[in-house]
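In case you want the letters, here they are:
Number of protein chains: 4
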Amino acid sequence: MGNSFGNIFKLTTFGESHGSSIGGVIDGCPSGLKIDLNFIQNELDRRRPGQSNITTQRKEADQVELLSGIFEGVTTGSPIGFIISNNNSNSRDYDNLKDVYRPSHADYTYQEKYGWRDHRGGGRSSARETACRVVGGAIAKQILKQKNIEILGFVFSVGNIFANEKLIDFSKITKIRDSNMVRCPDEKSATKMIDLIKDLKAKGNSVGGQIKCIMKGVPAGLGEPVFDKLQADLSKAMLSINAVKGFEYGSGFDGSKMFGSDHNDEFIATPDGVATVSNFSGGIQGGLSNGEEIYFKVAFKPVATILTSQKSIDNQNNNIEIKVSGRHDPCVVPRAVPIVESMAAMVIVDHLLRNRTTRL
Amino acid sequence: MGNSFGNIFKLTTFGESHGSSIGGVIDGCPSGLKIDLNFIQNELDRRRPGQSNITTQRKEADQVELLSGIFEGVTTGSPIGFIISNNNSNSRDYDNLKDVYRPSHADYTYQEKYGWRDHRGGGRSSARETACRVVGGAIAKQILKQKNIEILGFVFSVGNIFANEKLIDFSKITKIRDSNMVRCPDEKSATKMIDLIKDLKAKGNSVGGQIKCIMKGVPAGLGEPVFDKLQADLSKAMLSINAVKGFEYGSGFDGSKMFGSDHNDEFIATPDGVATVSNFSGGIQGGLSNGEEIYFKVAFKPVATILTSQKSIDNQNNNIEIKVSGRHDPCVVPRAVPIVESMAAMVIVDHLLRNRTTRL
Amino acid sequence: MGNSFGNIFKLTTFGESHGSSIGGVIDGCPSGLKIDLNFIQNELDRRRPGQSNITTQRKEADQVELLSGIFEGVTTGSPIGFIISNNNSNSRDYDNLKDVYRPSHADYTYQEKYGWRDHRGGGRSSARETACRVVGGAIAKQILKQKNIEILGFVFSVGNIFANEKLIDFSKITKIRDSNMVRCPDEKSATKMIDLIKDLKAKGNSVGGQIKCIMKGVPAGLGEPVFDKLQADLSKAMLSINAVKGFEYGSGFDGSKMFGSDHNDEFIATPDGVATVSNFSGGIQGGLSNGEEIYFKVAFKPVATILTSQKSIDNQNNNIEIKVSGRHDPCVVPRAVPIVESMAAMVIVDHLLRNRTTRL
Amino acid sequence: MGNSFGNIFKLTTFGESHGSSIGGVIDGCPSGLKIDLNFIQNELDRRRPGQSNITTQRKEADQVELLSGIFEGVTTGSPIGFIISNNNSNSRDYDNLKDVYRPSHADYTYQEKYGWRDHRGGGRSSARETACRVVGGAIAKQILKQKNIEILGFVFSVGNIFANEKLIDFSKITKIRDSNMVRCPDEKSATKMIDLIKDLKAKGNSVGGQIKCIMKGVPAGLGEPVFDKLQADLSKAMLSINAVKGFEYGSGFDGSKMFGSDHNDEFIATPDGVATVSNFSGGIQGGLSNGEEIYFKVAFKPVATILTSQKSIDNQNNNIEIKVSGRHDPCVVPRAVPIVESMAAMVIVDHLLRNRTTRL
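Protein chains in written order, with the working numbering: chain R, 1 to 360; chain E, 1 to 360; chain G, 1 to 360; chain X, 1 to 360.
Check the hints yourself; a few may be wrong.
All copies of an identical chain are treated as equivalent in the list; a pair is satisfied when it fits inside any one copy or across any two copies.
Stated by the list, open to error - List of simulated lysine-lysine pairs, DSS-like, C-alpha gap at most 27 Å: (1) 311 <-> 216; (2) 311 <-> 203; (3) 59 <-> 192.
Simulated from the structure, these hints should not be mistaken for lab results.
Just chain R, with the same shape it has in the complex:
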């Protein structure tokens, strides 16, 4: 269970890292959308392994094949099925992991839950699954483009190196965000981040980081006020991504330290309509978008695959020493940017569609 996301625009995914392919079904995509295949592939390329020398060197073309729901380049309203082949999966690499549990991986919990486990490359727990989210997100983004809604994610921190937002020209961020391999638009910090990641890669270690995401042009009124508040659905979307440990929007955890007199966002009437003077609300009030920029941060832990020796146990409950070798991703956040954006895009499209049913 739990392999579907969304209420109206709904993505269902399947596939393990070492099966023949992964894939999914997008149900509820409106008819009449001209599909830009290159854009989808480009988004997948932003996520795929081996894209730069600070990511894992595992090579996957991640070529998506759309199987249905599109006729003469335009969506028909029928579900869009798709698959992405697994090419570079050498299952034998994982033979030595069959009977042991890697620390901070899902090996142990899967075994406990299901009593049966595809140990090859993490099976279903592999972040390879997120490629399917990027396909869903890339289609959602094409809907958003029609509505002049833009979603911009970038790397905000790697370890203790934080971007200086004052140095970022957000009007140029669309181009800038992918201008360097770590996807941080503050070039100075980006250089430090890249150096740190390279160093950790050489050492077989890993490091965490944060992604910030900004959504521009979201109209007021999106979200459902009680349990499906816009921030609630965004938060679930983010925490469903592998390695994510936290989510905050608007003033976030810092907001918990503030006084109401400083935190409240005063309204102001402008020639262009209603605006707020500050935006500690993060563009959402009472669970509903208010037309201001929506922004949030997502915290990623250091990936669990490291190449140093660790203590662990096997499936007979014996204490063992484990050492994983081979390719690894020293820091997941550069590749996670399109995943964060994709999940956010699907949330917004879902609520755009839900919102159409609000008024008589």
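The hints should help you fit chains E, G and X onto chain R, whose structure is shown.
Frame of chain R; chains E, G and X shown alone:
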């Protein structure tokens, strides 16, 4: 839409702060549970306004009436309907708010979404709705008690005053957490928090805070691995609570600054079974509980109702000055502890039930 | 589980026949609908027991109280909670049924499923629950009225007495259908039906019957093409009503005997738009409405409560003789007309709203 | 929307008759099930076109490829993705249908709903989609086999030719049902049915029919009592199949003509447990299975594709004459037997799993 929570154990709520009553329906509660009505009422009392002199002085008895689903004190498997009367709602207090939008409230966004708004006391957007969540949570907790699962929330911070966890004896937390009115088990910090809140109350200002929640005894294997990861559902549950700005579990945002070699939780075989040496994972790996303590933090913003004059607009887009008078909650976190626990309890019960369908 | 109906316009109900009240929540009702309370009550009156001398003499006022979601007479988009008090429930009437299973009732199956049973008046299995559906339906009908969609149910047969549809002036059916107490607009057949029911009432026996329902003005394109075909959702809606044994739409079971050359509905262009020459399709093609009249029939079994002695068992598996006394409904179909209409109305409203998300 | 079926055991499908492939995802299949691939293929073969000379001669191998969710032959609890290639789809056959609406097909309604249509072979509205249901059903049946539940469908009628159930030895039906190409276990009637179908095939005409389905070994207590009654979910499942016009279970429409004194099923205690003397209830009481045989009938209309000339319109609203040529299925019921069984099997598995959450 969006007034239901949960997949199998599902709570649906209704009601505005100034209608005749609020209430809800709990569907999917298993049959055979002996219901302790006093416990439910006690939980509601932990949330209700007017419970101490650091909360709003609005008085509500918050007496719950269970209308169905229980026969001779035991659940029948049929839905449990309930209502809580609204007694202390003086709608005329809000007449002056009919045509204006309070800063950082839901007034403006509701108007934009629905084109029609019950302005009295925030209507559906009022945190009064959370009383129904506490009813659902109080029943969920009774199920968890049968499974020896305990959920303990406490106030971790108010403004910049943080509890010192080293001073907290968690084995005694059940009693301790409500031993003071701010629900912080570090007595020294609690005193400071209370002083701060009293000061802000006098000034008509408000302050944010954080709640930490610990879940003990959750068996390994709960959660659904992809979109309904246990942390994803917990996160959505928390962000659906009024005034919440952030969620983190395990190492959280701090984890994003760490190296994998420090963050990984090594497994160790013990006479009592599998354990981890550290618990940066926060008791969840690959979206599934691993049997360790689950812990998370929730950040609350300062409540928007403050008694000082603020700039805002009316519904004709005129810039105005607004000043709210009357009763207010200077800091929401002490009363929010049972809400956080309730939402967490419902998530765990839901996943306990979902998990029964996992294996052949 | 299973106490909610609908995807967007969603009704959740609770309550047993002998609790203090029954009730429900309507989530997803659009904002801006002026609610006509008299109409809702009038619909409940069409269903309530004791309305004529061919129904059970159990008296229930069935006064509905709307608790939320409406402000100054207009829906706000928030959930509409409601309760209906149970007044005439004498639980002691059922003391002798505590340990026995009545034939063709739900006593045995509830006991097997839940291991615990509210035996008073059938508990949750009582058709009293359908009053809540009529509330949902009465609100749905007010939405449909705005869209010029009309739903007309009438009694098509009682036992072997069938209405002669040629004698019915369907342009007058709105008035006619309730012009007699059996709700059959063919007056001649109606008289025979009434006589039969009176005779069976005197004998303590019961009889089945069929309801036909016609929907006029449904626009083309409602329904979702694969699993949520319009007829599939209508069928589920009908089979969820107590005592229903069958559903057919358009040509129905008779259609299974026909040849394609006779059954196909040829299209014809008319000044008013597209029409079909015949309507064996029943207004639905490929799961989607085509703009023609939608019509279907629903078969009800004779109600299981009869006053003659029957063989059965007790909960210790002893063969016993059972004799129920008191009030009973000799034929359920006259009272079931508003229930059928209500379920149909909710299906159409739900699909009207779903359909808004179809196109870009 | 509407391309998913089931609550816990959930099938999502995609694909048009003339895309590269159709396929689906089964989510919620329990782990630990040994998958018999031959059985799945065999079930597909029972449905596939070209299997005998009374079906369409369109040839499709209907080879299913399972892509995920199975490791070393056993289900892992992860979603099972699958595809079936479309081989024999000659899209040019349909060029002449691009701008016209075939009578009683879904051409017109799809165009009205979506404003855009894949006209090739009916696109998504093609019954080709049901192959994916058979994959889901074939896996569901393997679960049912473990629980000793058997689902047996057979052709009950073709046009006006009805099977004589007295002549059928139901203890042998598993073998018998597929012993002839029309899948009617009354051999005498089967011969007549086959002759009729051959005659209609030669004439380019079509005929309807009925399928009866029997479920043995379903334990008492399955179903959810109000909206998700077992018969309600079965009914929806059946009416979601292309060409189905009606559903009845137990006494069905005939039951509407009966008296309660004849219709009630008296309970009797037997050495093997509780039984009923008659079974007009069709194995379901109060929406829950009672342990007796569940049986129901499904009515199919004559398929709309006939080879004679018909009046219709084009998409410019001109009256036209239309004549379809090529391959067609003169009677759909023989091929529909595995589809009916598959949908029934998925309903039962879903309720088996849901039922696990009923009691504390």
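My question is about residue 311 and residue 216: at a cut-off of 27 Å on alpha-carbon distance, are they close within one copy, between copies, both, or neither?
between (46 Å within a copy, 25 Å between copies)
At most 27 Å between C-alpha atoms: does residue 59 with residue 192 qualify within a copy, between copies, both, or neither?
within (26 Å within a copy, 56 Å between copies)
First find the shortest C-alpha distance between residue 311 and residue 203 inside one copy, then the shortest across copies, and answer within, between, both or neither for a cut-off of 27 Å.
Only inside one copy: residue 311 and residue 203 sit 18 Å apart there, 55 Å across copies, limit 27 Å.
In this structure, every one of the numbered hints holds.
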